[in-house]
Amino acid sequence: MTPRPAHRGAGPLAWCAILLVTTLALYLFQHVLWLVLPFLFGLIAYYCLYPVMQRLVFAGFSQTQATNLTVGVFALLLCIATALMLPRFAAQVVGIQDTGQRYLQGGLTLLDDTLRALESRSRLMRDAHVADTVSAHIAEAGDRFAREELPERVLGLAAWMPSFLLGPFLAYFFLRDGARFQRYLARAVPNAFFERTLHLLYEVDRTTRAYFQGLIKLTVIDATFLAFGLWLIGLSSPLTLGVLTAVLAWVPYIGSILGCAVVVMVAATDFPGTPAIAYGAVGLFVLVRLLDDFIFMPMTIGRSLKMHPLVTVLMIFLGGAVAGVAGLLLALPLLGVVMVIGETVSRVASDPRLRARHAHARALLQAAVTRDLV
Amino acid sequence: MRFFGRDDLSADLQPLRKIRLFSTLTARELKVVLALRHERHYLAGEIVFDEGDEGQAIYAIADGEVEILRNDGERTQRLALLGPGEIFGELALLDQAPRAAQARAGSDCRLVVFFRADFMGLLETHPKTASKIALSLARHLGARLRQANTGARQDGHL
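Chains A and B supply the protein sequences, listed in that same order. Numbers 25 to 398, taken from the working numbering, label the letters of the first sequence in order. Numbers 94 to 251, taken from the working numbering, label the letters of the second sequence in order.
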């Protein structure tokens, strides 16, 4: 048997390179977000539609027929949903400034009430005028955000809508040509590295599929639980709020806090003077998060990315610092992809036997093409 | 439109038809396999895989010859010389066990490569096709076992 070095993961240098490349990619991506986000949504749509397409293939359709049918039905449903939602969304956009300020005011009133209740019980807080100071600062910042930034951001999101149409289009080509593209890429891999590299690519595909399908399942479960809980509490639009907060949770850490803040603001506005409802919403949020961490997440996403928690947290902070909210959203999926590519290159290129086999193959090729030149 | 080198079906199906593992498949089933296979070219003397490598794929010879070799530490022994239509590395389709021998191109050759992950996918989407391949593989392994038994009898081990 040929002596082989033991299989090892990426070393510290490779890990530094992985983090550096991910950070650089995040920095670059924030400048082409109009393309990156539709690509990400296309990828999510691809992994969600893939099982449907496979079922059609199993039923006897060809790959192309199954892809056409799957994406066709998906696009039709998307069009119907857009046609139904657009008038409502347009009506909301007109009054977005007033709505934003109303909900913000509701949230501030709740905060002020809570702080004053605490002040009445704590002399230290009362002497420090915590309620007045905090309320004044938050009111000023919130008012500026609602007046200046919120309408601009919502209109910016509306301007982005056409580029999101790229999502289903990309998903179609991923479904139809994904396997062919993989084979096309595989041709570029030299014979010596072929089997090992392809195996790792299959692993990447399997892991990414498990991650995105798990993410969608988790979002559906979260949205259902939150909507049901909010409906029980008596909040308005529980389904919309449930879906919104479940999707916001895609942005690690900050997304959950933001989702909770939105629900609390809605609760405080819908039921002014009844803080128990808002506290109930916070309690529901904490409960769903706990269920997520201990039951739903292991059931759906599991440990599909197999990353160390320290690296995960570090990368999320780096992503946020380099590319803002987009960086927070993209940090983990991008790190997952760069990590697997980095580990593959590191493992394959550092295997002396594989390098020797590749050198041998090159020498054979050189001899073959120069045979008649001697 | 030829996109990412779209397959020329009639030309690409020909080598697959000659491979024993796929000999029982219909033209329609072969098209399914065609979409999953990789094709590699090796020069005479080039190593396809080493003994001890983690096996992930089965290889079939479309053109040329492949030697199956085993090194006992002192000398290299040739176990078999395989020609067009024959398969090797077949145990990789069943498990991830290390390769039992080295495979080296005996002449310039063209190989068809089929990964276990794709075979597992085929079991999900096209169970009938996958069953036919599995049956051919079982027959092939049975023939190998009988051959080994006969060899052992002749050597007086049985």
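Note that these hints are calculated values from the structure, not bench results. Yeah, the Cβ is synthetic: ideal placement off N, Cα and C, and Gly gets one too. It is possible that part of the hints are untrue.
[Unchecked claim] Some, not all, of what chain A presents toward chain B, calculated at C-beta under 8 Å:
no., residue
1, 74
2, 78
3, 81
4, 82
5, 150
6, 151
7, 210
8, 221
[Said to hold, decoys possible] Far from chain A, some chain B residues (derived; all Cβ distances over 12 Å):
no., residue
9, 124
10, 204
11, 244
Okay, the hints, checked on the actual structure:
| no. | hint | verdict |
| --- | --- | --- |
| 1 | 74 | violated, 11 Å |
| 2 | 78 | holds, 5 Å |
| 3 | 81 | holds, 5 Å |
| 4 | 82 | holds, 5 Å |
| 5 | 150 | violated, 67 Å |
| 6 | 151 | violated, 68 Å |
| 7 | 210 | holds, 6 Å |
| 8 | 221 | violated, 10 Å |
| 9 | 124 | violated, 8 Å |
| 10 | 204 | violated, 9 Å |
| 11 | 244 | holds, 22 Å |
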